[in-house]
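Undergrad: Here is how the chains run, residue by residue.
Number of protein chains: 2
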Amino acid sequence: MAKSVSTIRDIARILGISKSTVSRALNNHYDVNAETARKVHELAAQLDYHPNLLAQHLKQQRTNTIGVVIPETVNRFFAKAIGGIQEVANRAGYNVMICQSNETLDLERNNLKTLMASKVDGLLISVSRETNQYDHLQYAIDKEIPLVFFDRIVEELAASQVYSNNYDICFQGTEHLINQGCKRIAFIAGPQNLYNSRNRLNGYLDAMKRNNMTISESLIVYTNYTINDVENYTRALFNLRDRPDGIFAINDMAAIEIMHILKKRGLNIPKDVAVLGFNNETIGKLIEPTLSSIDHPAYDMGAAATEILLKQIHKDEIVQEKRLIKSRLVIRESSNRIA
Amino acid sequence: MAKSVSTIRDIARILGISKSTVSRALNNHYDVNAETARKVHELAAQLDYHPNLLAQHLKQQRTNTIGVVIPETVNRFFAKAIGGIQEVANRAGYNVMICQSNETLDLERNNLKTLMASKVDGLLISVSRETNQYDHLQYAIDKEIPLVFFDRIVEELAASQVYSNNYDICFQGTEHLINQGCKRIAFIAGPQNLYNSRNRLNGYLDAMKRNNMTISESLIVYTNYTINDVENYTRALFNLRDRPDGIFAINDMAAIEIMHILKKRGLNIPKDVAVLGFNNETIGKLIEPTLSSIDHPAYDMGAAATEILLKQIHKDEIVQEKRLIKSRLVIRESSNRIA
DNA sequence: AATCACAGTGCAATCGTTTGAATTGTAATA
DNA sequence: TATTACAATTCAAACGATTGCACTGTGATT
Chain A
33 MAKSVSTIRD IARILGISKS TVSRALNNHY DVNAETARKV HELAAQLDYH
83 PNLLAQHLKQ QRTNTIGVVI PETVNRFFAK AIGGIQEVAN RAGYNVMICQ
133 SNETLDLERN NLKTLMASKV DGLLISVSRE TNQYDHLQYA IDKEIPLVFF
183 DRIVEELAAS QVYSNNYDIC FQGTEHLINQ GCKRIAFIAG PQNLYNSRNR
233 LNGYLDAMKR NNMTISESLI VYTNYTINDV ENYTRALFNL RDRPDGIFAI
283 NDMAAIEIMH ILKKRGLNIP KDVAVLGFNN ETIGKLIEPT LSSIDHPAYD
333 MGAAATEILL KQIHKDEIVQ EKRLIKSRLV IRESSNRIA
Chain B
33 MAKSVSTIRD IARILGISKS TVSRALNNHY DVNAETARKV HELAAQLDYH
83 PNLLAQHLKQ QRTNTIGVVI PETVNRFFAK AIGGIQEVAN RAGYNVMICQ
133 SNETLDLERN NLKTLMASKV DGLLISVSRE TNQYDHLQYA IDKEIPLVFF
183 DRIVEELAAS QVYSNNYDIC FQGTEHLINQ GCKRIAFIAG PQNLYNSRNR
233 LNGYLDAMKR NNMTISESLI VYTNYTINDV ENYTRALFNL RDRPDGIFAI
283 NDMAAIEIMH ILKKRGLNIP KDVAVLGFNN ETIGKLIEPT LSSIDHPAYD
333 MGAAATEILL KQIHKDEIVQ EKRLIKSRLV IRESSNRIA
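Residue numbers (the numbering used here), protein chains in the order written: chain A, 33 to 371; chain B, 33 to 371.
Treat the hints loosely; a few may be bogus.
It does not matter which identical chain is used: a pair holds within one copy or between any two.
Below are the SDA-like pairs computed for lysine to any residue, each with C-alpha atoms no more than 20 Å apart in a straight line [stated by the list, open to error]:
hint	residue 1	residue 2
1	Lys145	Ser38
2	Lys317	His292
3	Lys91	Met148
4	Lys175	Leu75
5	Lys241	Arg230
6	Lys295	Arg364
7	Lys145	Tyr81
8	Lys145	Ala124
9	Lys145	Gly125
10	Lys317	Tyr257
11	Lys317	Glu289
Just so you know, the hints here were simulated from the structure itself, not pulled from any lab data.
Kindly produce the complete structure, drawing on both the sequences and the hints.
TA: So this is what it looks like as structure tokens:
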């Protein structure tokens with residue numbers, strides 16, 4: 033296996049001094065003779081010495097590592113969030129250990145367990161779409177491990193949160209469709225065990241009520257973020273006697289697929305059906321018609337969550353902080369019937 | 033900070049037995065009295081004991097962890113590859129530590145250093161687009177750490193590789209465009225320090241030669257995977273006196289943006305310009321015209337690389353294995369002028 | 001009664017660090 | 001000359017596990 037690696041002991045032995053002195057020299061501790069220190073550093077370089085992080089962390093009871101549990105990296109939102117997390121963490125000298133739950137509660141539990149056993153200094157969590165039990169999360173909180181939820185937060189748990197204005201933005205988005213003259217607006221909702229999804233749906237519902245629109249259950253589709261069923265529910269929606277003239281979709285990929293299907297059916301977008309997506313992916317600008325969407329700042333959320341977490345780790349006491357990172361409505365052609 | 037956690041010592045003390053026995057009991061070692069073992073397990077559960085992985089790994093000189101260095105998770109190819117990596121690794125009881133180089137040599141170096149200092153049992157690497165020096169990689173190889181390159185391999189280094197038939201598939205793709213009657217085929221190439229990119233370009237060049245097409249330097253664009261410059265080079269290409277009638281693009285996003293620009297210019301795809309992408313993203317099926325592309329099996333490459341790595345870790349000797357995972361040409365509307 | 005086998009357990013070293021306390025040697029002070 | 005101060009160093013314990021070896025006690029064998 034891996035070749036033998038030199039340790040602090042080797043340096044000590046060769047130089048005929050004690051491990052302690054070597055350690056202090058390497059850590060630039062004040063009371064070690066300049067000449068000795070020089071020799072230690074020189075030999076360390078020569079022997080290609082690198083401290084064993086396992087040993088260091090075991091002794092120090094800190095790992096300088098933060099653990100991240102996210103649903104999936106193929107979900108672009110999370111891929112971007114990881115960018116923000118790493119940026120802030122690395123800048124502060126922390127490493128990041130990323131685990132995917134693959135959108136399952138089981139793996140989420142395992143991930144959490146492993147990260148805790150690995151003694152990460154703190155946790156960043158965005159729960160899976162399956163997560164409807166919180167024992168494992170509560171467990172981490174009880175252990176007083178600094179923990180920050182981001183995006184897919186669990187509202188009722190006593191931990192810091194970085195969240196976005198899901199309710200408001202969906203209210204706003206729905207009103208936008210209403211203002212475009214849509215009468216029957218379909219809403220493609222996410223898994224309702226997620227706080228985010230519930231909020232989004234509520235934003236839609238309240239906007240409808242506030243504007244005296246009739247709410248029809250048949251226009252609300254509950255999905256769980258898989259793309260496979262888009263064709264099915266779209267077909268169902270447009271086989272209705274009163275088919276939708278507006279759609280607020282759960283994410284841009286769904287929106288794009290819906291548009292694709294509708295266009296094949298000979299429907300004009302936005303004339304016959306106005307479409308609004310979610311996430312504001314780059315691709316939205318490159319298709320026809322260009323896609324209106326909700327800009328949901330993934331990178332910023334990841335970065336903010338990490339900042340809060342680091343603050344908490346350094347503060348050495350648990351203070352709950354809630355930070356709102358606002359999403360905003362980006363109107364393009366797919367929902368613009370007026371211009 | 034985190035609440036005190038129980039250790040093997042606590043169990044030993046409370047039960048009035050030695051740490052050794054506790055350890056053996058917990059590991060289901062054969063020669064420990066059944067009754068003692070029962071009590072240990074019971075108390076362990078009661079105290080919510082979990083072994084400290086740092087200590088365990090330090091002692092065992094193995095971490096059951098494999099380190100992964102990739103350019104970026106926002107690159108969908110790598111996001112998918114991670115899926116394959118985790119699947120295989122977790123199934124074998126290994127954890128995965130993912131690091132992003134953000135496409136820089138500097139961070140790649142750092143990542144590698146951290147992973148090695150963390151004593152990962154093996155490494156999976158896909159190099160950054162900047163990587164034109166290999167000292168850090170050679171260093172890991174010299175240390176005899178099991179290492180597998182995947183996708184963005186470095187050919188000349190003595191390590192296992194999981195790669196795809198870049199040359200062949202680009203030869204094939206180019207011939208496909210030629211067969212569609214394209215006379216002036218532009219090639220959007222990747223960073224030429226990458227072995228993959230060079231191979232792809234060569235596949236294109238050889239296909240052109242073999243078919244007696246004139247190769248024009250002005251039709252070859254060198255990019256470095258950033259999307260920002262698509263507009264510029266597309267404009268340049270189509271301001272040429274002999275503008276292209278076929279484009280083989282580096283990835284689907286670039287292809288889609290190119291099509292977008294061309295359509296705005298009033299050009300018909302594939303009639304006026306046939307377009308071929310790379311990566312076969314889902315989105316390709318949902319745009320108009322649907323995008324022809326190269327299916328580049330990310331998940332499989334990640335999974336294969338992990339299998340090889342694990343085999344190497346368990347074999348305890350370094351055997352170089354090279355595994356080809358074939359890409360294939362997927363023809364859709366954007367390049368189909370004949371049907 | 002002495003010896004042996006053996007299951008079960010404990011001792012102590014080890015992995016590679018860090019760090020408080022003790023020790024050494026030297027020079028300055030009283 | 002004895003005392004003190006101080007810089008530089010070493011000692012040894014600790015972090016939390018694993019493990020080779022030694023030990024204990026019991027029952028079987030001679």
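Undergrad: For every hint, state whether the structure bears it out.
TA: Against the structure, the hints:
1. Taking the closest pair of Cα atoms, lysine 145 and serine 38 come within 20 Å of each other only across two copies (15 Å); inside a single copy the shortest separation is 32 Å, beyond that limit.
2. For the homomeric pair lysine 317 and histidine 292, the shortest alpha-carbon distances inside one copy (15 Å) and between copies (9 Å) are both at most 20 Å.
3. Taking the shortest alpha-carbon separations for lysine 91 and methionine 148, both the intra-copy value of 17 Å and the inter-copy value of 19 Å come in at or below 20 Å.
4. For the identical chains of this complex, lysine 175 and leucine 75 are inter-copy neighbours only, at 19 Å across copies versus 42 Å inside a copy, given an alpha-carbon limit of 20 Å.
5. In this assembly of identical chains, lysine 241 and arginine 230 lie within 20 Å of each other by CA distance solely inside one copy; the values are 16 Å within and 59 Å between copies.
6. Taking identical chains as interchangeable, the C-alpha atoms of lysine 295 and arginine 364 lie at most 20 Å apart whether they share a chain (17 Å) or sit on different chains (18 Å).
7. For the identical chains of this complex, lysine 145 and tyrosine 81 are inter-copy neighbours only, at 12 Å across copies versus 32 Å inside a copy, given an alpha-carbon limit of 20 Å.
8. Taking the closest pair of Cα atoms, lysine 145 and alanine 124 come within 20 Å of each other only across two copies (17 Å); inside a single copy the shortest separation is 25 Å, beyond that limit.
9. In this assembly of identical chains, lysine 145 and glycine 125 lie within 20 Å of each other by CA distance solely across copies; the values are 14 Å between and 24 Å within a copy.
10. With identical chains, the CA atoms of lysine 317 and tyrosine 257 are at most 20 Å apart between copies only, with a shortest distance of 19 Å across copies and 22 Å within one.
11. With identical chains, the CA atoms of lysine 317 and glutamate 289 are at most 20 Å apart both within one copy (15 Å) and between copies (9 Å).
Against the hints set out earlier in the document, no violation occurs for any number.
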